[in-house]
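Student: Residue numbers (our numbering), protein chains in the order written: chain A, 1 to 96; chain B, 1 to 319.
No lab work stands behind these hints: they were computed from the structure.
Hints may be right or wrong, so weigh each one.
Taking CB as the label site, the calculated pair distances span [to be verified]: (1) R175/B <-> G27/A: 22 to 30 angstroms; (2) H89/B <-> M1/A: 38 to 46 angstroms; (3) G27/A <-> W95/B: 17 to 25 angstroms.
In this text the structure is predicted, and so the values were computed from the model without any measurement.
From the three backbone atoms N, C-alpha and C, an ideal C-beta is built for every residue, glycine too.
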Amino acid sequence: MLPAEIIFGLTGVGLFTLGLRATLLHGSLLARILAINVCGAGVFLMFVSIAYQGAAAMPVPDPVPHALVLTGIVVAVSATALALALGRRLRESADE
Amino acid sequence: MNALLWTLLDLLLAAMLLGLGWAAVATRDLKRGVALFIAFGLLLALAWARLRAPDLALAEAAIGAGLAGALLLAALRDEPRHEKPAAAHSRAGLWTLNLLSVLLAVVVAWALLCALEMGEGLRLAGAVTDHIGQSGVSNPVTAVLLNFRAYDTLLELAVILSAVLGVLALGPARRGYGLPGPVLGGLIRWLVPLLIVTAGYLLWVGAHAPGGAFQAGATLAAAAVLLRLGGVDRAGLPAAAVSRWLLAAGLLVFLGVGLSLAGLGYGFLQYPAGLAGGLILVIESAATLSIAVALALAYVGGWSRSGSTQPDSTQGGSH
Chain A
1 MLPAEIIFGL TGVGLFTLGL RATLLHGSLL ARILAINVCG AGVFLMFVSI AYQGAAAMPV
61 PDPVPHALVL TGIVVAVSAT ALALALGRRL RESADE
Chain B
1 MNALLWTLLD LLLAAMLLGL GWAAVATRDL KRGVALFIAF GLLLALAWAR LRAPDLALAE
61 AAIGAGLAGA LLLAALRDEP RHEKPAAAHS RAGLWTLNLL SVLLAVVVAW ALLCALEMGE
121 GLRLAGAVTD HIGQSGVSNP VTAVLLNFRA YDTLLELAVI LSAVLGVLAL GPARRGYGLP
181 GPVLGGLIRW LVPLLIVTAG YLLWVGAHAP GGAFQAGATL AAAAVLLRLG GVDRAGLPAA
241 AVSRWLLAAG LLVFLGVGLS LAGLGYGFLQ YPAGLAGGLI LVIESAATLS IAVALALAYV
301 GGWSRSGSTQ PDSTQGGSH
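Whenever a hint applies, use it, and build me the whole structure from the sequences.
Tutor: Laid out in structure tokens, this is it:
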């Protein structure tokens with residue numbers, strides 16, 4: 001049987017790479033912001049997979065990566081909001 | 001048999017995540033891309049639940065799928081074109097990029113498998129389990145966030161605050177929405193009070209079960225997003241002067257507690273025994289309000305043009 005941490009860890013690798021590739025490829029700012037969010041989700045998935053390793057033997061999986069990823073999710077959404085606001089400002093000044 | 005079933009479910013979930021992630025970034029239609037991204041976020045929440053990280057599942061469903069999706073949809077509304085321009089890359093460039101992507105994936109996958117191969121290695125999980133009795137809470141994630149690694153969370157609140165200050169500095173609010181139809185209006189009247197009660201519950205329960213300030217703040221912000229969609233331009237936020245204080249409250253209370261403890265001789269953010277639980281609840285309550293106001297303002301996109309949310313006339317339209 002494939003352990004869950006390997007399945008989801010490799011899924012994380014896949015999401016990280018395809019997100020990064022799309023970030024580099026796309027011209028539209030919004031598409032890039034979306035792609036970098038997918039890329040970040042891949043990184044979180046790898047990290048939490050490592051935390052899950054051997055969780056069957058423990059009462060709880062390692063909570064330290066969980067806390068860090070929780071922080072990461074909130075920081076990612078703040079950064080997304082800032083990037084979108086910058087994009088909006090950029091378009092407004094280009095329109096003038 | 002049971003293990004085989006789990007593996008099959010894991011593979012199915014992983015395939016759906018990869019498929020949705022790929023479709024979200026590959027589609028030419030941005031609107032479809034955002035919709036797929038929201039679905040991706042919800043499935044990711046399922047993956048967190050599967051990896052026994054319920055705190056992350058709650059945060060992902062509320063923030064990663066919910067608020068990030070709402071932010072992207074709101075940005076899409078301002079976007080004149082929803083079609084991505086056709087990629088103007090040369091064949092050779094595209095192939096180089098694909099080759100490098102595959103190489104990178106192989107290297108990262110190898111590194112990850114090596115890390116998993118190493119087995120237990122250096123883990124802090126044991127240290128957390130050993131000291132959780134002194135942390136004032138029994139949910140290990142909350143103990144890490146608010147006690148063992150409180151510095152990280154303090155600085156994270158500063159990061160959120162500066163991101164929102166950036167959003168506020170960049171211009172006024174986005175266009176508001178019209179009055180809702182009877183279905184959405186009725187739904188909002190039901191959901192908003194329910195969301196506020198849920199936020200209070202998540203804040204309280206975070207001490208001993210999955211939940212906490214981030215999930216509670218995001219749930220409150222979701223109520224603000226709903227109100228805004230229902231035609232309330234200020235999204236239920238108080239006047240600008242009050243909102244500013246609420247925005248800073250999390251960081252101020254956190255710093256205030258830390259500095260007072262340092263002044264009393266305990267060391268910065270070293271909670272005295274017996275008081276830890278209470279202090280964590282005070283900090284989390286302030287942080288919940290700050291996170292909610294920050295995320296709501298980020299969704300609104302700035303101070304509203306109309307009403308008293310606008311602090312002064314200099315904030316008005318673009319030139």
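Student: The hint says 22 to 30 angstroms between R175/B and G27/A; measuring C-beta to C-beta, is that right?
Tutor: The hinted range 22 to 30 angstroms holds for R175/B and G27/A, with Cβ atoms some 25 angstroms apart.
Student: Using the beta carbons of G27/A and W95/B, state whether their distance is inside 17 to 25 angstroms or not.
Tutor: Because 19 angstroms falls inside the window, the suggested range holds.
Student: Given a hinted range of 38 to 46 angstroms, is it respected by the beta-carbon distance of H89/B and M1/A?
Tutor: Roughly 42 angstroms apart at Cβ, these two residues keep to the hinted range, so it holds.
The structure agrees with every numbered hint stated previously.
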